[in-house]
Each structure stands twice: as structure tokens, then as C-alpha cells.
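J.: Please model the entire structure based on the sequences and the hints provided.
Which chain is which? The protein sequence lines are A and B, in order. Quick note: the first sequence uses the numbering used here, first residue 1, plus one each step. Quick note: the second sequence uses the numbering used here, first residue 1001, plus one each step.
Please keep in mind that the hints were generated in silico from the structure rather than gathered at the bench. Heads up, the beta-carbon is just placed ideally off N, CA and C, and yes, glycines get one too. Be a bit skeptical, because a hint or two may be false.
Simulated pairs of lysine to any residue, SDA-like, Cα-Cα distance not exceeding 25 Å [as the list claims (entries may be wrong)]:
1) A:81 x B:1092
2) B:1038 x A:40
3) B:1101 x A:108
To spell it out: a stretch of chain A is covered by chain B in this simulated footprint if at least three of its residues, at any positions, have a beta carbon under 8 Å from a beta carbon of chain B; those stretches are [stated by the list, open to error]:
4) 45-55
5) 102-109
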Amino acid sequence: QVQLKESGPGLVQPSQTLSLTCTVSGFSLTSNSVHWVRQPPGKGLEWVGAIWSGGSTDYNSALKSRLSISRDTSKSQVFLKMNSLQTEDTAIYFCTRFNWYYFDYWGQGVMVTVSS
Amino acid sequence: EIVLTQSPTTMAASPGEKVTITCRASSSVSYMYWYQQKSGASPKPWIYETSKLASGVPDRFSGSGSGTSYSFTISSMETEDAATYYCHQWSSTLTFGSGTKLEIK
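T.: Pasting the structure below:
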């Protein structure tokens, strides 16, 4: 069955780089896009960015200068890298599959805290 | 960027009561999408392409609207419907509404 699982450090120091991995199973990254969505504690959802099935990427314009999303199709993994982290980047980071209509499967999320 | 404004921000409904949530877009969108999120859980798809129910969603839920004005309705509130609901569009750069927290009275 379709599954997505986020992994990465729970704590990142301010100004450092965040690296997250989304490992998927049950589908191919060349068939569906994978998106990142984040949620600050107690707040709403914010779309972060995406890597489409063809390999192209789209980013939230507010984060674009700090963000990079890539993938390794052979390992069924999607990577998020965000630099110059600030406390405002503290959030749960979800990866989710887009089925061309909506986000149908979501990972459990990984909590990232930016703090010294 | 299209801004989605949901109202109300929070509300409480009694079992059996009709519930309506609105989502207004700052520019016209082709469709609206809705997600349900319960505390500590990942969001779940709930309504797609404005009015279609995602798999497993009870038919007491419905969606409607067009252009810049959309709504989400529960015909008869049940305890299990208590959650936060987010509207979402991808006609332009993807954005989410700020959410409506629905509680049971």
C-alpha cells in the first residue's frame, strides 16, 4: 500500500540547514508528485514546495531563495533542504502524494525545532 | 498568490445541527479542496473539485461554490466530525486557508 515517511533531525540551530527525507512506497516518484507541507505548532498548513513526476520543482515564493527539493527515484526518496533556518521555521513537516486531484496520502510528519 | 479566507475561525455545533464553513479566495479559482485534520494527526482529503467526496467520507458532507466563494457543509453534525477543516486551491501557486476549528457542543 501507499506509504510516505519523513525523517530528519528534530533540532536544528538557527542559521543552519535543514535536511529532510521522505521515503515512499507503494508508488513510483515518476508517476506522482510529492509535496512538502508544514505546520507551525498550533497553526495552519503552509505549502512548502513540490517535485513533480517529471522531476521539475515548484516552491513557495516566500521560501524559494532558501529551499531545494530533489529526489532519488531508485531509492524512492524525496529530499528537502532549507538553509538559513530561523525560529519561524519551527514546524511539523509533512510529505504528501498528489494524485493529480488532491493530496491523497500523507506521512505522519516530522517535528523540526529551530533553537540554539 | 491567492489568499484563502475561511470563516468562522472556530465554531461549535450540537449533534444533529447543520454546519456551514465558507472559504473566500482573493482571486477566482477553478475548484476548491477541503481537508480534515484531527489533533495530532495528518490531514485527510475530504472534498475535492469543489463538491466531490473523497473516499470514505460520509454523504452528510457536501461542498459547493464557484469563482471566489466556496462553502463546506455538514448536514447533520456528528461527534466524530469535530476537527479542523482547511480549504485549499491549486489553480495558482498552492495555498491553504487558515482553518476552521469545529467543536462539538
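J.: Each hint should be assessed against the structure and marked as holding or not.
T.: Verification of the supplied hints:
1. A:81 x B:1092: Holds, at about 24 Å.
2. B:1038 x A:40: Satisfied, since the Cα-Cα distance of roughly 15 Å is no more than 25 Å.
3. B:1101 x A:108: Distance ~20 Å between residue 1101 of chain B and residue 108 of chain A Cα, so the pair holds.
4. 45-55: holds (count 4)
5. 102-109: Holds: 7 residues of the region 102-109 of chain A have a Cβ under 8 Å from chain B.
Going down the numbered hints, you'll see the structure goes against none, and every one checks out.
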